[in-house]
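S.K.: Each chain, written out:
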Amino acid sequence: EDQVTQSPEALRLQEGESSSLNCSYTVSGLRGLFWYRQDPGKGPEFLFTLYSAGEEKEKERLKATLTKKESFLHITAPKPEDSATYLCAVRRSNDYKLSFGAGTTVTVRA
Amino acid sequence: EAGVAQSPRYKIIEKRQSVAFWCNPISGHATLYWYQQILGQGPKLLIQFQNNGVVDDSQLPKDRFSAERLKGVDSTLKIQPAKLEDSAVYLCASSLVAGGFSEQYFGPGTRLTVT
Chain A
9 EDQVTQSPEA
19 LRLQEGESSS
29 LNCSYTVSGL
39 RGLFWYRQDP
49 GKGPEFLFTL
59 YSAGEEKEKE
69 RLKATLTKKE
79 SFLHITAPKP
89 EDSATYLCAV
99 RRSNDYKLSF
109 GAGTTVTVRA
Chain B
3 EAGVAQSPRY
13 KIIEKRQSVA
23 FWCNPISGHA
33 TLYWYQQILG
43 QGPKLLIQFQ
53 NNGVVDDSQL
63 PKDRFSAERL
73 KGVDSTLKIQ
83 PAKLEDSAVY
93 LCASSLVAGG
103 FSEQYFGPGT
113 RLTVT
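Heads up: the protein sequence lines correspond to chains A and B, in order.
Residue 9 is where the first sequence starts when you use this note's numbering, and the numbers rise one by one after that.
Residue 3 is where the second sequence starts when you use this note's numbering, and the numbers rise one by one after that.
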């Protein structure tokens with residue numbers, strides 16, 4: 009069975025204090041690792057898809073990287089508007105289902 | 003481009019009552035998903051439709067949950083009878099095509115409270 013574990017559960021940062029979130033996974037035949045952002049009372053918003061080890065993607069202050077066992081979401085010089093829950097999900101090669109982790113809730117204080 | 007629409011946004015019912023949720027996906031998206039998100043957890047897939055056919059309903063509690071997608075567009079998810087443990091946010095998502103190269107776009111969800 010697929011396992012997706014995110015750490016830490018919660019992260020409190022000062023504005024401008026860079027940090028990283030971790031997503032470790034166990035899946036048979038990875039067909040993509042996905043990062044989503046979820047604001048309170050809203051559905052998840054797609055950020056990135058990574059397909060192979062060594063791949064990196066960036067969007068504004070966010071950078072996602074992938075190894076064979078884990079993915080990192082780096083937040084550089086965060087701002088209060090980066091406060092959200094960040095979800096990681098994996099898809100296996102033989103089906104279309106996304107298996108999500110529990111998320112990391114990031115709070116950025118001004 | 004209009005996003006995924008869901009209604010109602012909130013619903014409070016007593017246990018053993020029934021409830022229905024509605025979803026309208028992004029226009030032209032062939033694949034529709036229903037997820038259950040319990041507080042503090044990530045979303046869990048309940049059912050996936052490709053056009054109006056079911057692709058995966060392996061995690062749908064079929065004794066109380068049912069879903070349909072009429073004419074390959076809108077979808078409804080029903081719970082009958084509801085249990086306390088069904089309290090959760092029910093998310094609808096859609097994607098252009100099924101498979102690994104098509105992102106899923108989520109609606110705002112329906113927050114269900116069962117008392």
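Treat the hints as calculated values from the structure; they're not laboratory data.
By construction, the Cβ of each residue, glycine as well, lies at the ideal position given by its N, Cα and C atoms.
Don't take every hint at face value.
Stated by the list, open to error - Derived EDC-like pairs (lysine to aspartate or glutamate); straight-line CA-CA distance at most 16 Å: (1) K105/A / E87/B; (2) K87/A / D47/A; (3) K80/B / E70/B; (4) K46/B / D103/A; (5) K46/B / D10/A; (6) K105/A / E105/B; (7) K77/A / E25/A; (8) K105/A / E16/B; (9) K87/A / D103/A; (10) K76/A / E63/A; (11) K67/A / E89/A; (12) K76/A / D10/A; (13) K71/A / D90/A; (14) K67/A / D103/A; (15) K46/B / E63/A; (16) K105/A / E9/A; (17) K105/A / D10/A; (18) K77/A / E89/A.
Unchecked claim - Simulated restraints, written as ranges between beta carbons of each label pair: (19) S26/A / Y12/B: 34 to 42 Å; (20) D47/A / S20/B: 45 to 53 Å; (21) P88/A / E16/B: 36 to 44 Å; (22) H82/A / G42/B: 18 to 26 Å; (23) G42/B / T84/A: 26 to 34 Å.
Claimed, not checked - Non-contacting residues of chain A with respect to chain B, defined by C-beta distances greater than 10 Å in every case (computed): (24) Q22; (25) E25; (26) L70; (27) K76; (28) K87.
S.K.: Taking the hints in turn, state whether each one holds.
M.R.: Against the structure, the hints come out as follows:
1. Annotation: proposed proximity of K105/A to E87/B is violated, straight-line Cα distance about 23 Å (limit 16 Å).
2. Taking the CA atoms of K87/A and D47/A, the gap is about 15 Å. The hint holds against a cut of 16 Å.
3. Between the alpha carbons of K80/B and E70/B the distance comes to roughly 9 Å, so the proposed pair stays at or under 16 Å and holds.
4. Pair hint K46/B plus D103/A holds up; C-alpha atoms about 15 Å apart against a cutoff of 16 Å.
5. Using a Cα cut-off of 16 Å, the hinted pair K46/B and D10/A holds, with the two alpha carbons roughly 12 Å apart.
6. Pair hint K105/A plus E105/B holds up; C-alpha atoms about 12 Å apart against a cutoff of 16 Å.
7. In summary, the hint linking K77/A to E25/A is not supported, as the alpha carbons are separated by about 26 Å, beyond the 16 Å threshold.
8. With a C-alpha separation of about 31 Å, the suggested pairing of K105/A with E16/B is violated against the 16 Å cut-off.
9. For the proposed pair K87/A and D103/A, the alpha carbon gap of about 37 Å is over 16 Å, so the pair is violated.
10. Our distance criterion of 16 Å between C-alpha atoms is met by K76/A and E63/A, whose separation comes to about 11 Å.
11. Restraint check for K67/A and E89/A: the C-alpha separation of about 14 Å stays at or below 16 Å, so the hint holds.
12. Our distance criterion of 16 Å between C-alpha atoms is met by K76/A and D10/A, whose separation comes to about 14 Å.
13. For the proposed pair K71/A and D90/A, the alpha carbon gap of about 13 Å is at most 16 Å, so the pair holds.
14. For a cut-off of 16 Å, the pair hint linking K67/A to D103/A is broken: about 28 Å separates their Cα positions.
15. Between K46/B and E63/A, the direct Cα distance comes to roughly 26 Å. Violation of the 16 Å bound is thereby established for this hinted pair.
16. At most 16 Å may separate the alpha-carbon atoms for a hinted pair to count; K105/A and E9/A meet this at roughly 12 Å.
17. Restraint check: the Cα-Cα separation between K105/A and D10/A comes to about 11 Å, which is no more than 16 Å; the hinted pair holds.
18. Between K77/A and E89/A the alpha-carbon distance is near 30 Å, which puts this suggested pair outside the 16 Å criterion.
19. About 37 Å separates the C-beta atoms of S26/A and Y12/B, a value consistent with the hinted range of 34 to 42 Å.
20. Between D47/A and S20/B the Cβ separation comes to about 30 Å, which falls outside the hinted range of 45 to 53 Å.
21. A C-beta distance of roughly 40 Å is found between P88/A and E16/B, which places it inside the suggested range of 36 to 44 Å.
22. Between H82/A and G42/B the Cβ separation comes to about 24 Å, which falls inside the hinted range of 18 to 26 Å.
23. The supplied range of 26 to 34 Å is met by G42/B and T84/A, whose beta-carbon atoms lie about 27 Å from each other.
24. No beta-carbon of chain B comes within 10 Å of the beta-carbon of Q22/A; the shortest separation is about 25 Å.
25. No Cβ of chain B comes within 10 Å of the Cβ of E25/A; the nearest lies about 25 Å off, and the non-interface call holds.
26. With a cut of 10 Å on Cβ distances, L70/A stays outside the contact zone with chain B, its closest approach being about 16 Å.
27. Distance check on K76/A: its Cβ is at least 17 Å (rounded) from any Cβ of chain B, clearing the 10 Å threshold; non-interface status holds.
28. At the 10 Å boundary, the C-beta of K87/A stays outside the reach of chain B, the nearest C-beta of that chain being 23 Å off.
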